[in-house]
Structure formats: C-alpha cells, structure tokens
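K.L.:
The chain contents come next:
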Amino acid sequence: MTGNGTGRDPAAGERPPLTRRDRRRNRIIAVTALVLVWCLLWGSFSWANVLGGLVLALAVLAAFPLPPVTFAGRVHPIGLLRFAVRFLADLVVSSVQVARLAFRAGEPPRSAILAVAPRIRSDLNLTLTGVALSLIPGSLVIEVDRRAGVLYIHALGLRDAEDVERFRRSVLDLEARIIGAIGSREERRVIAAARGSPPPPLPPTPPGAGKDPTA
Amino acid sequence: MSLEPILDVVVAVCLIGGALLCLSAGVALVRFPDLMSRMHAATKPQTLGLLLVLLGCALRLRTREDVTTLVLIALFQLATAPVAAHMVGRAGYRSRLVRRDLLVTDELAADAERIGRENGEGGPAR
Amino acid sequence: MTVITVAVTVLFAAAGILALSRIIRGPSVLDRIVATDVLLATVVAAIAAEAAYTGDATALPVLVVLSILGFTGSVSVSRFATRRRDGGAPRPPLHTGGTHEP
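Residue numbers (my numbering), protein chains in the order written: chain Y, 53 to 267; chain U, 18 to 143; chain F, 4 to 105.
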C-alpha cells in the first residue's frame, strides 16, 4: 500500500510529524482495509468474519506497524468516480496501444526517460501517482527522488520532444485527478491555481549533491 | 432466461480479449529490443488481460464466495504489479540494460548517481 | 462455445511458449524475471479461464496465492540483482550474452 520499494528516507526529518488524530485515522483506514480483505477471503460479511478480521487486523498492525503517511485530505466521491473512469479508459487505450506496438512490423519503438515533478510533493501523492502510472501501460516509474519530489518515468512509444512534453502534461493531469479524488482543500487549491500553466521546473539539485562523498 | 445467451457472449468476449492481451505480452517479450520496453509489454497488457479474464469468470460463476475471491485476486494484482515493475525497472536502469540509442531523452542520467546513493542502493531490504 | 474454448487455449499456449523462449534466451537475469512474470500471469489467466469454462471454482483460492507469490519472487530477485555493486565502482554486467549498449 505504501511501500513501492523506494526505500530509505534521509528526508524523513523534513516532514511534519503526525498528530495523534492523524495516526488514529491512519489506523482506522488500515484496519478497515484488512477486515475487508479478510471478509473477501472468506467470501461473506458475517459477524464472525468481521470480528475475526478485526482481531487479526489489530494483531497484524501491532506486529507490523505501518510507516507514517500523511493523509490530510478527504474522499470526494465525484472526484473518485472521475478518476476511476478515466483510469479504466487509460488502461484500455494504452493496453491496445502497447499491444499494437508489439504486433506492428518495422523498427523497434522508441522511448524516453523523463523527470516529472508533481505539484504536490507529499509521500502519499508521489506513491499514488507512481502506482497509477505504473499500472497504465506504456509508462513506468523507475526511480524516485523523494527529497526533491521528482518521479523519473520511462515511457514507451514516444517519438520526439513534443511527445515528451505531452506525456509530461498527462502525468500532471493524472496527479490533478488523484488530488481531485482524495486531496485536502489546500492541495486542491494548489492544483486549481496551477491549471493551464506550464509544468513546474524541476527543483534544483540539493547543495553538495554533485559531489561524491567518497571522492 | 433471455439474459443467459447475452452473458455468454460477454463472457466469451472477455476471455478472448484477455487471452489476446496475454499473447500480445508474449509477442512483445520476444520482439521488443531492450529490457525496459519488454517490461512495459510484460507487466501491463497483462494487468488488463487478467482483469478481463477475471471479469469473465465472475460473470460466469456468479456465486458470492467466488466473486469475492476474484475481486481479491484483482486487488492483489493491482497492488503488486507496480511494485514488481518498479523494482525490476530500477534494477534494470542501474544495470544499464537500457538501449540508449532508442531513447528520445534521458532526464535521469544526470541525477542517477546521486539518487542511487540517497536511496541507499544495494542496501539490505527493509 | 467450443470454438471459443479452442481459440482461448491456443492463445494462452502461444503466450506461454513465447514467454518461455524469452526465459531461455535471456540475456540478463532481469529479462528472465520479467518473462517469468508473464508466464505466471498467463498461467493465472488460463486457470481462471478454465474455471469460467467449467464453472468449477475449486482452483480460485490457488490463484489468490499465485498472484501474491509472483510479486515476492520478482521483487526479491531484482533486489538481489541490484545489490551486486558497491559505490561508484563500474558495475559487473548482469548479462550472460551480449551487452545492450551499442
């Protein structure tokens, strides 16, 4: 859910600590999800299953506590629906495109690796945007700079610089839909203010980054 | 039961669509030039293909226990496929398994070393 | 329905064979992992299709386990594959065959 394998967090100290209320909310969400999985596994939502799942979920969370993730927003049903519909459409369209590339004769498809800085740099948004991107065919997150909040994306089937810019915009649109689905009011304001403006420049490399400490 | 034949057709379409997408993943595996493009072909049409087959299965079986199991399979697939793809993709880039002549641009090249260090490459799995 | 069954079977079999050929040819460990992933997904899809055809759900719990195991496999292997280098030293190639770089 939260672990997309980007590992290590030297930047963790920069994030604001979670309040008690945030932590409780995170735990409630996690327990609900685990109980849901337990019930799906058994195939029915009987009281015995829900209670058993509850006990099990609490035990699991006590044994394997989740890393702190700031979830400051709230769920917007319409935004969520819009995201889901668009996501499914993207899934179908890109699957067909990649399949066509596979069957097409001729020279091998070209691709590009591009750096995109989402406008909201929270861990949750980076993770969700990355996961959604990786599920849609033709794009894949290969590296994350968590401190600067940059996703490095490998995209298949891009031919020239124009395609690259179009793809960059589509990533930001995807992010806007995710924020529209689960973002907080402030995050939505940032996105709304940025609508129509060109993609933000990449954040400058942190000082001392170019130097190799071992050199 | 006039619904039955229609459902059968939908199931058939789902199964064939899913099988075609799986085949396209296989073809792409063999035909694409480098690891990265193979990954795209591999992890992705597979996602939709599997979802289609599972949908067909659910429409066919239609009992509650089976449908919940199928939903669970789909959820696990959606949750795990990006993680696996990311891990393999990252390992592939660091092992230089990317055909540079086929890249339009590589905006990671300049930062790769630094990010690799920061993210603790090669460290033990947590 | 018979025609469809045959067609679906052939498609899955072809996908499996293509993935197998990539597993054999490599050239790198990661290529083989990716191909194994595809093979696994093909098997999962084929079993699900079989369940849809016979209407027999016995195999479905197996698929739950499979859809999780495939993921742990490729993650741990690619973890192992990246691990083999230290600092800024030139990385040892993962290939057994030719290099991808021109």
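Do not rely on the hints blindly, as some may be mistaken.
If you want the footprint, here are the derived chain U segments under chain Y, 3+ residues with CB under 8 Å [unchecked claim]:
1. 21–32
2. 75–87
3. 90–101
Pairwise CB distance ranges (calculated) [what the hints assert, rightly or not]:
4. U:80 with Y:173: 38 to 48 Å
5. Y:93 with U:27: 23 to 33 Å
6. U:27 with Y:215: 52 to 62 Å
7. F:75 with Y:225: 50 to 60 Å
Because the hints were derived from the structure by calculation, they are not lab data. Just so it is clear, CB atoms sit at the ideal spot from N, CA and C, and this is done for glycine as well.
K.L.:
A separate judgement is required for each hint: does it hold in the structure or not?
P.N.:
To see whether the hints hold, each was checked on the structure:
By the rule of at least three residues with a Cβ nearer than 8 Å to a Cβ of chain Y, the coverage given for the region 21–32 of chain U is violated, with 0 such residues. A count of 5 residues in the region 75–87 of chain U with a Cβ less than 8 Å from any Cβ of chain Y is obtained; the coverage claim is therefore met, three being the minimum. Counting residues of the region 90–101 of chain U whose C-beta lies closer than 8 Å to any C-beta of chain Y gives 6; at least three are required, and the coverage claim holds. Checked against the hint of 38 to 48 Å, the pair residue 80 of chain U and residue 173 of chain Y passes, with Cβ atoms roughly 46 Å apart.
Checking the proposed 23 to 33 Å range against residue 93 of chain Y and residue 27 of chain U shows it holds: the Cβ atoms sit about 27 Å from each other. Checked against the hint of 52 to 62 Å, the pair residue 27 of chain U and residue 215 of chain Y fails, with Cβ atoms roughly 36 Å apart. Judged by the Cβ atoms, the range 50 to 60 Å given for residue 75 of chain F and residue 225 of chain Y is violated: they are separated by roughly 33 Å.
Comparing the model with each numbered hint stated earlier shows that hints 1, 6 and 7 do not hold.
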